[in-house]
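Let the sequences and hints guide you as you build the complete structure.
Per the numbering used here, the sequence shown starts with residue 5, numbered consecutively.
No lab work stands behind these hints: they were computed from the structure. Heads up, a few of these hints could be off.
[What the hints assert, rightly or not] Quick list of the computed label-pair ranges, beta carbon to beta carbon:
{"hint": "1", "residue 1": "Asp50", "residue 2": "Ala140", "range": "16 to 26 angstroms"}
{"hint": "2", "residue 1": "Ala107", "residue 2": "Asn136", "range": "18 to 28 angstroms"}
{"hint": "3", "residue 1": "Thr42", "residue 2": "Val139", "range": "41 to 51 angstroms"}
{"hint": "4", "residue 1": "Val150", "residue 2": "Asp109", "range": "41 to 51 angstroms"}
{"hint": "5", "residue 1": "Asn57", "residue 2": "Glu97", "range": "44 to 54 angstroms"}
{"hint": "6", "residue 1": "Thr42", "residue 2": "Arg141", "range": "33 to 43 angstroms"}
{"hint": "7", "residue 1": "Ala149", "residue 2": "Arg44", "range": "18 to 28 angstroms"}
{"hint": "8", "residue 1": "Pro122", "residue 2": "Arg100", "range": "17 to 27 angstroms"}
{"hint": "9", "residue 1": "Glu60", "residue 2": "Glu103", "range": "48 to 58 angstroms"}
{"hint": "10", "residue 1": "Gln58", "residue 2": "Glu97", "range": "16 to 26 angstroms"}
{"hint": "11", "residue 1": "Ser147", "residue 2": "Thr117", "range": "43 to 53 angstroms"}
{"hint": "12", "residue 1": "Pro76", "residue 2": "Lys51", "range": "35 to 45 angstroms"}
{"hint": "13", "residue 1": "Ala149", "residue 2": "Lys73", "range": "24 to 34 angstroms"}
[What the hints assert, rightly or not] Calculated cross-link-like contacts (lysine to any residue; reagent style SDA-like; alpha-carbon spacing at most 20 angstroms):
{"hint": "14", "residue 1": "Lys51", "residue 2": "Lys73"}
{"hint": "15", "residue 1": "Lys73", "residue 2": "Ala114"}
{"hint": "16", "residue 1": "Lys73", "residue 2": "Gln58"}
{"hint": "17", "residue 1": "Lys73", "residue 2": "Ile48"}
{"hint": "18", "residue 1": "Lys51", "residue 2": "Thr62"}
{"hint": "19", "residue 1": "Lys96", "residue 2": "Ala107"}
{"hint": "20", "residue 1": "Lys73", "residue 2": "Gln46"}
{"hint": "21", "residue 1": "Lys96", "residue 2": "Cys40"}
{"hint": "22", "residue 1": "Lys96", "residue 2": "Ala146"}
{"hint": "23", "residue 1": "Lys51", "residue 2": "Phe61"}
{"hint": "24", "residue 1": "Lys96", "residue 2": "Ile48"}
{"hint": "25", "residue 1": "Lys73", "residue 2": "Ala47"}
{"hint": "26", "residue 1": "Lys96", "residue 2": "Val139"}
{"hint": "27", "residue 1": "Lys73", "residue 2": "Glu45"}
{"hint": "28", "residue 1": "Lys73", "residue 2": "Thr124"}
{"hint": "29", "residue 1": "Lys96", "residue 2": "Arg143"}
{"hint": "30", "residue 1": "Lys73", "residue 2": "Gln132"}
{"hint": "31", "residue 1": "Lys73", "residue 2": "Gly59"}
{"hint": "32", "residue 1": "Lys73", "residue 2": "Ser112"}
{"hint": "33", "residue 1": "Lys73", "residue 2": "Gln125"}
{"hint": "34", "residue 1": "Lys96", "residue 2": "Gln46"}
{"hint": "35", "residue 1": "Lys73", "residue 2": "Thr117"}
{"hint": "36", "residue 1": "Lys51", "residue 2": "Pro76"}
{"hint": "37", "residue 1": "Lys73", "residue 2": "Phe37"}
{"hint": "38", "residue 1": "Lys96", "residue 2": "Gln132"}
{"hint": "39", "residue 1": "Lys51", "residue 2": "Asn39"}
{"hint": "40", "residue 1": "Lys73", "residue 2": "Glu113"}
C-beta atoms are modelled at their ideal positions from N, C-alpha and C, and glycine is treated no differently.
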Amino acid sequence: MSFGWLLATAVVAGVASRLKSSPERIVIEYDPFPNCQTAREQAIFDKMRSDYNQGEFTESLEAAETLLKIFPRCPFLHIQRGMCIGQFGRYKEAIREFETTLALDGASEAGRTYGMGPNTQVVQADIQLLRNMIVARDRALASAAVPSSQGTKAEAPKPRAKKTKSESASLSGKGTTRSSRAKDEGTRARNEGGSETTSRRGRSSARKRLNEGEPSTGESVDARDAGA
Numbered sequence: 005m006s007f008g009w010l011l012a013t014a015v016v017a018g019v020a021s022r023l024k025s026s027p028e029r030i031v032i033e034y035d036p037f038p039n040c041q042t043a044r045e046q047a048i049f050d051k052m053r054s055d056y057n058q059g060e061f062t063e064s065l066e067a068a069e070t071l072l073k074i075f076p077r078c079p080f081l082h083i084q085r086g087m088c089i090g091q092f093g094r095y096k097e098a099i100r101e102f103e104t105t106l107a108l109d110g111a112s113e114a115g116r117t118y119g120m121g122p123n124t125q126v127v128q129a130d131i132q133l134l135r136n137m138i139v140a141r142d143r144a145l146a147s148a149a150v151p152s153s154q155g156t157k158a159e160a161p162k163p164r165a166k167k168t169k170s171e172s173a174s175l176s177g178k179g180t181t182r183s184s185r186a187k188d189e190g191t192r193a194r195n196e197g198g199s200e201t202t203s204r205r206g207r208s209s210a211r212k213r214l215n216e217g218e219p220s221t222g223e224s225v226d227a228r229d230a231g232a
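Okay, here's the thing in structure tokens:
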């Protein structure tokens with residue numbers, strides 16, 4: 005915000021004070037400052053400006069509002085209040101204060117007629133600047149809200165596709181075929197195991213008869229034939 009012009013206003017105000025104290029009557033068009041008539045009022049005014057320059061905007065705002073109760077038509081006090089609340093991001097309220105400042109140009113109060121002089125254009129430029137800042141802030145907030153809402157949105161689970169009757173029958177047939185195949189392989193394995201066991205038992209009994217001197221089935225037939 006272009007508030008550097010306040011330094012120039014302080015210089016011009018000092019010149020105006022010296023001109024007013026001169027014997028000749030000189031009309032001063034620029035004089036937006038309050039006509040502080042007591043030491044307390046002047047101390048509050050000085051503190052208001054000092055606090056703002058040091059970044060103590062809350063204290064400066066309080067001082068400005070205190071003086072506005074004494075000098076409600078003072079343009080500079082409205083400028084100071086607008087500057088302070090503008091530092092807090094209250095741009096619309098600051099614009100209203102600057103518009104009040106323009107409206108008070110030429111107003112009279114406490115034996116003083118206020119005049120904004122050429123700084124009227126500076127205040128108008130500050131009003132436009134604040135309006136642009138409002139637009140930029142609203143756009144930034146809008147663009148920041150879009151990705152955050154998308155990020156927090158939970159994705160809906162995808163519905164599972166229903167199987168048709170033909171697919172279910174096909175899967176069921178495949179399962180039955182696998183089950184039957186497994187049963188057949190199990191039966192074949194048991195049969196092969198049983199045949200091998202029977203063969204082993206036959207060979208074992210044959211060896212036993214040979215060891216005991218008994219002929220096997222083939223040998224007994226040959227022996228009977230020879231005896232005959």
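Outcome of the hint check:
no. : hint                                : result
1   : Asp50 x Ala140: 16 to 26 angstroms  : violated, 35 angstroms
2   : Ala107 x Asn136: 18 to 28 angstroms : holds, 22 angstroms
3   : Thr42 x Val139: 41 to 51 angstroms  : holds, 44 angstroms
4   : Val150 x Asp109: 41 to 51 angstroms : holds, 44 angstroms
5   : Asn57 x Glu97: 44 to 54 angstroms   : violated, 22 angstroms
6   : Thr42 x Arg141: 33 to 43 angstroms  : holds, 41 angstroms
7   : Ala149 x Arg44: 18 to 28 angstroms  : violated, 49 angstroms
8   : Pro122 x Arg100: 17 to 27 angstroms : holds, 23 angstroms
9   : Glu60 x Glu103: 48 to 58 angstroms  : violated, 26 angstroms
10  : Gln58 x Glu97: 16 to 26 angstroms   : holds, 23 angstroms
11  : Ser147 x Thr117: 43 to 53 angstroms : holds, 48 angstroms
12  : Pro76 x Lys51: 35 to 45 angstroms   : violated, 19 angstroms
13  : Ala149 x Lys73: 24 to 34 angstroms  : violated, 41 angstroms
14  : Lys51 x Lys73                       : holds, 16 angstroms
15  : Lys73 x Ala114                      : holds, 13 angstroms
16  : Lys73 x Gln58                       : violated, 24 angstroms
17  : Lys73 x Ile48                       : holds, 12 angstroms
18  : Lys51 x Thr62                       : holds, 12 angstroms
19  : Lys96 x Ala107                      : holds, 17 angstroms
20  : Lys73 x Gln46                       : holds, 14 angstroms
21  : Lys96 x Cys40                       : violated, 29 angstroms
22  : Lys96 x Ala146                      : holds, 18 angstroms
23  : Lys51 x Phe61                       : holds, 11 angstroms
24  : Lys96 x Ile48                       : violated, 26 angstroms
25  : Lys73 x Ala47                       : holds, 15 angstroms
26  : Lys96 x Val139                      : holds, 11 angstroms
27  : Lys73 x Glu45                       : holds, 11 angstroms
28  : Lys73 x Thr124                      : violated, 24 angstroms
29  : Lys96 x Arg143                      : holds, 16 angstroms
30  : Lys73 x Gln132                      : violated, 28 angstroms
31  : Lys73 x Gly59                       : violated, 23 angstroms
32  : Lys73 x Ser112                      : holds, 15 angstroms
33  : Lys73 x Gln125                      : violated, 27 angstroms
34  : Lys96 x Gln46                       : violated, 30 angstroms
35  : Lys73 x Thr117                      : holds, 18 angstroms
36  : Lys51 x Pro76                       : holds, 18 angstroms
37  : Lys73 x Phe37                       : holds, 14 angstroms
38  : Lys96 x Gln132                      : holds, 11 angstroms
39  : Lys51 x Asn39                       : holds, 16 angstroms
40  : Lys73 x Glu113                      : holds, 12 angstroms
Checked against the numbered hints given earlier, the structure breaks hints 1, 5, 7, 9, 12, 13, 16, 21, 24, 28, 30, 31, 33, 34 and satisfies all the rest.
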